[in-house]
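*Asks:* Letter by letter, the chains look like this.
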Amino acid sequence: MKGEVEKCVNCGFCESVCPTLPASGFRSTMGARGRVDLGKAFIAEMNNAGGSELKISDSFYSCLDCFACLQVCPAGVNAGKVSGIGREIAAIYGQHALEKPVARMIVETTMKFMNPLGVREKCAGWAKGLAFDSDSETLLYTGNMYQLMAYSSSLGKLKMRLGEKAADFMAGIISRHPAAARLSGMAVDRRMRRQMDAFLRDIYFLLASAGLKFNYLGVDEPYPGTFIYDLGYRDKFLEYGRRIISIFRYHNVRTIITVDPHTYDILNVQYRKYFSDFDFRVVHYLDYLRDVRFAGNGERVTLHEPCHFTLREGNYSGPSELVSGLAQLTFPERSGKRTMCCGGPDELLFGEISGKISEERFSQLKSTGAERIITACPICFANLRKDRTVIDISQFLVERLEAGAVPKSS
Amino acid sequence: MNIADRLRLVHGSTVLTGREEIIPYMRDASYFSGKLPDAVIIPGSTGEVAEIMRICNEMKVQVTTRGGGSSLTGSPVPISGGVVISMARMNRIIETKPSDSYVVAEPGVRLDDLNRELGKIGFFYPPDPASSMAATVGGTISTNAGGLRAATYGTTKEWILGLEVVLPTGEVIETGGRTLKRSKGYDLTALMAGSEGTLGIITRAILKIWPLPEATGRIMAYFREIAPAGRAIAELKTRGIVPYVAEFMDRLSLESIRIAKGLEFPDEAQYLLLIDVASTVESLDRVMDRAAGIVRTFDPISIATTRNREEMERMYEARKGLYSSALSQRDSPDEYVVIGDVVVPASGLPDTLEGIREEAKRFSLKVVLFGHIGDGNVHANIFANLSREDVRKNVDGFQMSIAGIALDHGGSVSAEHGIGLEKKDLLKLELEKRGSSYTIDLMRKIKSAFDPNGILNRGKIFD
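Here the protein sequences line up with chains A and B, keeping their order.
Numbering-wise, the first sequence is residues 309 to 718 according to the numbering used here.
Numbering-wise, the second sequence is residues 65 to 527 according to the numbering used here.
Errors might be hidden in some of the hints.
Unchecked claim - Partner residues aside, some chain B positions facing chain A, computed with beta carbon under 10 Å:
(1) Ser77
(2) Ile87
(3) Arg153
(4) Arg174
(5) Ser195
(6) Ala198
(7) Ser347
(8) Leu348
Treat the hints as calculated values from the structure; they're not laboratory data.
Just so you know, even glycine gets a beta-carbon here, dropped at the ideal spot from N, CA and C.
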C-alpha cells in the first residue's frame with residue numbers, strides 16, 4: 309500500500325470520476341482520493357504507533373474496483389488497488405472488527421459450498437434438457453455468475469429492509485454456520501432467474517451456432533472465487549483457487565469459455581498471477597461468434613461497457629465490436645476509458661450507494677435516446693434493468709441470428 | 065454543547081466527526097497539512113450554509129470552506145481545526161443562457177463538468193486551470209485561478225458577472241448580476257475573486273460564457289534553449305497572432321510526460337513550445353501556416369503541426385497532469401513537491417527562466433520548470449524532503465529568490481494559485497518592494513468588515 313499511496317500528490321482528479329463519492333453524499337473517504345488519504349494515515353499510524361484504531365472498512369469495502377480513478381490519475385495511482393490492500397488488511401485484522409460481517413459470511417459460505425450462497429445445484433437448472441459433450445476438453449464455464457444474480461438481488465433488498473445491524477448479525481451467524489446460507493435459496497427473484505436462465509441458454513445456442521462442441525459441469529460447476537479475492541481474503545483465495553484448478557484438471561479441461569467479465573478477468577489475470585500452473589486457455593464466448601451469420605438492422609442501441617472489460621487489465625472490446633456491426637450503436641457520454649460502473653459490486657455491502665450509482669448510470673444510458681440498452685455482464689444487467697429496454701448481449705445476438713443459423717435443439 | 069453536536073441537531077448525518085471520515089479534509093493538493101477539524105459538514109443549499117454560519121459565528125468557531133481540494137497553497141487547509149464546510153453537494157448547473165452569455169452554477173460544479181455541458185451548445189467557460197478536472201467553480205473564484213487559456217482570455221475574475229455569498233454572520237448577499245455591464249459602487253464581485261474564503265462563502269455564481277472556437281490546431285516546436293521559444297511567442301503576438309494556448313515544458317517535464325503517457329520527444333530537446341491556434345474552419349490552415357512559419361524562423365530542433373483532436377487531447381491531458389506526473393522525477397519517496405507560481409510580463413520570461421535555473425543550481429535543488437509562456441507564468445516544481453528543517457529553509461530561500469527575480473522583471477509572486485499559507489511572506493515581499501505595504505492593512509480592515517469575529521479561514525493570505 310505504501311508504494312501506491314506515496315505516488316499521490318492529492319490532486320483530486322480521481323474524485324471527479326469515482327462513482328461512490330457522489331452516491332455517498334460526497335463523503336471524502338467514500339471516494340477515491342479519500343481512500344488514498346486514509347491509506348496514508350493508516351500506514352503512518354501503523355509505522356509510528358505499531359497499530360491503528362482507524363475504522364477503515366467502510367471506505368475500502370465500498371470501492372467498486374472499477375479502476376476509473378486509475379484512468380485519470382496523472383501519477384498512475386490506483387485507489388482501487390489501495391482499497392484491495394485495505395480489505396486484505398481488514399481480513400487479516402478481522403478479529404479487531406475491521407472486516408464486514410457480510411464479507412466474512414460470503415467467504416465462509418464459498419469455501420464450504422464452492423458457491424457464495426450455497427446454491428450450486430440450483431445454478432445448474434438453466435441447462436436442463438441441453439446436450440453437452442462430456443468428452444470435450446473445451447468447457448463452458450458460467451462460474452455461476454448469471455445464476456447468482458437472482459439471489460443476490462433479493463438478498464440486497466432484504467438487507468436494505470433489515471438494516472445494517474440486523475444484516476450483520478445474520479451474516480455473523482452464517483459465517484459460523486455456513487449451512488444456514490442455503491436458506492438464501494428461498495430468497496430468489498424468480499423473474500430474474502428466468503431471465504438469467506434464458507440468457508445462458510442464448511449463450512449455449514450462440515456457441516452451438518458457431519459449430520462448437522463443449523462440456524459443462526452442471527451441478528459440479530464451482531464459483532471462481534471472485535468475491536474471496538475482491539474482499540481481500542488472499543490466503544483463502546490461494547486455497548480456493550487450488551481447488552478450482554484441480555476440478556478443471558480432473559475434467560481434462562484445456563480451454564475455458566467464460567461468459568461474464570468478472571470470471572474472464574479473474575481467470576486471465578489473477579489466476580495466472582497467483583498460480584504458476586494455471587495453463588488453461590481462457591476465452592470469452594463472444595470470440596467464437598466472429599464467423600456466425602448475423603443479420604443487422606437499423607435499431608438504435610447503446611452499450612454499457614463493463615469495467616472489467618474496459619478499465620482493468622483485460623481491455624476486451626468484444627461486445628462493442630460485435631454490436632457495432634449489427635445496429636446503430638451510440639455510446640453514452642461516459643464510455644471507453646471513461647465508462648462508469650453500474651454500482652453492482654456494492655449491492656450486498658452498500659445497497660444504498662449501489663442503488664444511487666445504478667440510477668445515475670441508467671439515466672446516462674437512457675439519455676442516448678437508444679431504443680435498447682445492451683449489457684454484457686450479469687451484474688450490470690441486474691443493476692441496470694430499470695425497464696424492459698435493458699437486455700443482455702446474448703439476447704441481442706440471438707435475435708440477430710440469421711434464419712437457419714439456430715440449431716434445431718433450440 | 066460542542067459545535068459538532070450543535071450542527072448535528074440541525075443537519076444530522078451530513079455532519080462528519082469520525083476521525084477516519086475527516087482525515088482527508090486536513091489537506092489540499094499542496095504539501096500543507098492542517099489540524100483534524102472538529103467537524104466536517106456537507107450542506108446542500110444556501111439556506112443550510114447560512115444556518116451553519118450563524119451557529120459557527122455565535123459559537124465563534126473557525127470555518128474553512130473547501131471546493132475541489134485542488135489548491136496548491138494550503139488555502140482550504142484547516143489550520144486551527146474548527147469546522148470544514150465542503151461545497152461538494154452544491155454541484156448543480158442552474159441556468160444556461162447563451163443568448164445573454166451567462167451560466168448560473170453552484171460552487172461545487174467542477175470546471176470540466178461545466179465545460180462538458182456548455183460544449184453541447186457550442187459554448188465554454190474559458191478559465192482553464194490545469195486542475196480543471198477536480199477544481200470547482202467556487203474554489204477557482206476564491207483563488208482567481210488562471211490556466212492554459214489565460215493569455216487570450218485572462219483569469220477567472222474576468223468571467224464572473226455576479227455571486228451569491230453567505231457572510232460569516234449568516235446573511236446572504238448578492239453581488240453583480242446577469243448583465244455584462246454594471247456600475248454600482250464598490251465591485252464586491254471582483255473583491256471575492258482571490259479572497260480565498262476569508263470574506264464569505266460563495267453559494268452561487270453567474271459566469272460569463274463564450275462561443276467555442278470553430279477550429280483549433282497545434283504547433284509543437286522543440287528547442288535547445290528557452291530564449292528563442294520566448295522570442296517566438298513575442299513575435300507571434302507582435303504580428304497579431306494571439307495563441308489560444310501557449311505552454312512551455314522543460315526537459316524534466318517532457319521526461320515525466322514520457323513516463324506517464326508514453327509521449328516521445330527528440331533526444332536533444334531541452335524545451336517544448338506548445339502553441340494552440342484558434343480560428344474559423346476556413347482560415348485555420350492559413351493561420352497555422354503563418355504561425356508555424358514565424359516559429360520556424362527561431363530555429364527549433366523540430367516542429368510539427370496537427371489538427372487531430374485525439375492527439376491534441378492526449379498532450380493537453382498530459383500537460384494538465386504535469387504537477388502530479390512530475391513526481392516521477394523525485395529522487396526519493398520522502399520528497400514532497402512544492403510548486404512555484406511566479407509571473408512576469410511575457411517578454412521577460414526567457415530572462416526570468418534563466419535566472420530561475422541559475423538559482424536552482426545555487427540552492428542545489430532539483431526543479432522541473434513548465435508554465436504558460438503566453439502570459440509569462442512560470443511553475444517550478446521543487447522536490448524536497450520537507451521533514452528536514454535545513455531543507456525547508458533552503459526551499460524557502462529559493463522561493464524568495466525566484467520571487468525576487470519575478471519582481472525585478474516587473475512581475476508578481478503569485479500568478480494563479482493564490483496566497484494561502486504558502487505565500488504570505490512572498491506577498492509581503494512584493495508589497496514592500498512596490499512601496500505598498502499598507503495594502504495588507506487595508507485587506508485586514510476589509511476582512512474585519514465582512515467577518516467581525518474573524519472566523520473565516522483565518523491565517524490565510526495574511527496573519
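*Asks:* If a hint holds in the structure, say so; if it does not, say that too.
*Replies:* Status of each hint after checking the structure:
no.: 1; hint: Ser77; verdict: holds (8 Å)
no.: 2; hint: Ile87; verdict: holds (5 Å)
no.: 3; hint: Arg153; verdict: holds (5 Å)
no.: 4; hint: Arg174; verdict: holds (6 Å)
no.: 5; hint: Ser195; verdict: holds (6 Å)
no.: 6; hint: Ala198; verdict: holds (3 Å)
no.: 7; hint: Ser347; verdict: violated (31 Å)
no.: 8; hint: Leu348; verdict: violated (27 Å)
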